[in-house]
Amino acid sequence: MTTYDASFRVWRGDTGGGALEDFKVEVNEGEVVLDIIHRLQATQVPDLAVRWNCKAGKCGSCSAEINGRPRLMCMTRMSVFSHEETITVTPLRAFPVVRDLVTDVSFNYQKAREVPAFVPPKGVAAGEYRMQQVDVERSQEFRKCIECFLCQDTCHVVRDHEENKGAFAGPRFLMRIAELDMHPLDAADETGLDRKRTAQDEHGLGYCNITKCCTEVCPEHIKITDNALIPLKERAVDRKYDPLVWLGNKIGRRSGS
Amino acid sequence: MATGTEPQPLTGVHDASRAAIAPRHLRTDRWWLAPAVTAAGLLAFVVYSTWRAFVNDDYYAAPYVSPFYSPCVADNCVPMRGGPNADLIGSWWGLSPALLILIFPLAFRGTCYYYRKAYYRGFWASPPACAVAEPHKKYSGETRFPLIIQNIHRYTFYFALPVAAFLTYDAVLAYRDEHYRWGHMGLGTLVFTVNIVLIWAYTLSCHSCRHIVGGKLRHFSKHPVRYRLWGWAGKLNQHHMLLAWASLISVSLADLYVYFLATGAFDDPRFF
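Residue numbers (numbering that gives the first Met the number 0), protein chains in the order written: chain H, 0 to 256; chain C, 0 to 271.
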């Protein structure tokens, strides 16, 4: 079994300031970055703050930036780095820091609350929903989301512009709107809620310039841009910029398609 | 009183609430390579196509017509026997006829979701790469003029269809020889055939096309034909970037080929 000492540079600090600190930590074959952070915590800096839970890439807790790239620590194998490389680990840089590698991701919970929930169809009791697989498989891709918020972290709309956080829901929650708008039983339209229009008017869809960083960092490999954000933009075009579709809706030929 | 020299509040990754890390990014890979190559490739095409569009010469060598000049809708076009001459504009147009037609594929590609990513990253550094801070102080994306115009992509797709149809006609005409006899083939025929296949593949892989043929539906089960079309468009769409580059290169090569023939740089090798 191969064992070596790796060079790590880990950000330590809190809201009052902080700095990158250098460490040498033992690495064994088959380990991931989270293992090394745990060993660092166990052997050298017991007060190192790090958020983690499942160690299996399914809880989305251990999001951090490794060599400047947003990643899950538990899904980043040490074998992808050379033994001589210095590995830098920092907290997510789009959210307020709490301490060390832990950030305050409540921005995302706020945005989640702003997206109106699924609207049940009238006259169908819970437990009696029936849908065909072809009608739901498209949005099932989006249900793989583990809410690690790496896409929210890497999106330059809020990462580089704090002032946009009020207007922009971020890729994760625009994907949620797309999921609901594609849902075969969602009855939002019947209640006067136009998800296509509100995606642009209230959740900032127009801020997205489809540069695909959300897709690049998604640990679940969801094609966020191609399958959720662009289709949602096209749906907004249906509502706001396509006179033929507008006319079709006015004369009632396109409802319920 | 404001003197204009007060320090600006830090924002973005240097916002006071975030981890205090001075560098704009900590990426150690060659993140700059992809946007640099993209920008260089697009710039090369812009320079080449601008020269060819304005030069107004050497765009026809029987039986081939440059895709930059087809259909030729002005009176000042070179007569092309059986070719895409369609004098819709009249004689008042004195500039290159390519300018009248190139605007359509240019608008289609300019508003294409892939090319938007490419030039936002490559030319505008918005962002230059993922998790690399952009240099701009403000960002409004595609929420206001002029970038809100990107929403016309669907219409540019509609206009791109007849242009592709004309290029298909030109590719068929390429199965003639220089004396306009049918049933012949040369290296140019191959160039034009490959080009039109790539043009169609790129056009039909468009995100707007995918949406129009079926993506807008909520119940695929009620529209099995459109569901099938959506599936095909989706398969092509997965290769949209590749097709965008392949068709951009092929259309340039087809034009360059005609230019070489028209200037007498070489003769078209005939297969039969």
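By construction, these hints were calculated from the structure, which means they are not laboratory data.
Among the hints, a few may not be true.
[As the list claims (entries may be wrong)] Computed footprint of chain C on chain H; a stretch qualifies when at least three of its residues, placed anywhere within it, have a C-beta under 8 Å from a C-beta of chain C: (1) 14-26; (2) 30-41; (3) 92-104; (4) 115-126; (5) 168-177; (6) 198-206; (7) 232-242.
We treat Cβ as the ideally placed atom computed from N, Cα and C, and that holds for glycine.
Please count how many residues of the region 198-206 of chain H have a CB within 8 Å of a CB from chain C and say whether that reaches 3.
holds (count 3)
Cβ contact check, 8 Å cutoff: the region 115-126 of chain H against chain C, three residues minimum:
violated (count 0)
Take the region 92-104 of chain H, compare each residue's beta carbon with every beta carbon of chain C, and decide whether three or more fall closer than 8 Å.
As far as the region 92-104 of chain H goes, the hint holds, because 6 residues have Cβ atoms under 8 Å from chain C.
Taking a Cβ-Cβ distance under 8 Å as contact, does the region 232-242 of chain H have three or more residues in contact with chain C?
holds (count 9)
If you look at each residue in the region 14-26 of chain H, do at least three have a Cβ nearer than 8 Å to any Cβ of chain C?
holds (count 5)
How about the region 30-41 of chain H: do at least three of its residues have a C-beta closer than 8 Å to a C-beta of chain C?
Answer violated; 0 residues pass the 8 Å Cβ test.
Residue count check for the region 168-177 of chain H against chain C: does it reach three with CB-CB under 8 Å?
With 0 residues close enough to chain C, the hint is violated.
Violated hints for the displayed structure, listed by number in ascending order: 2, 4 and 5.
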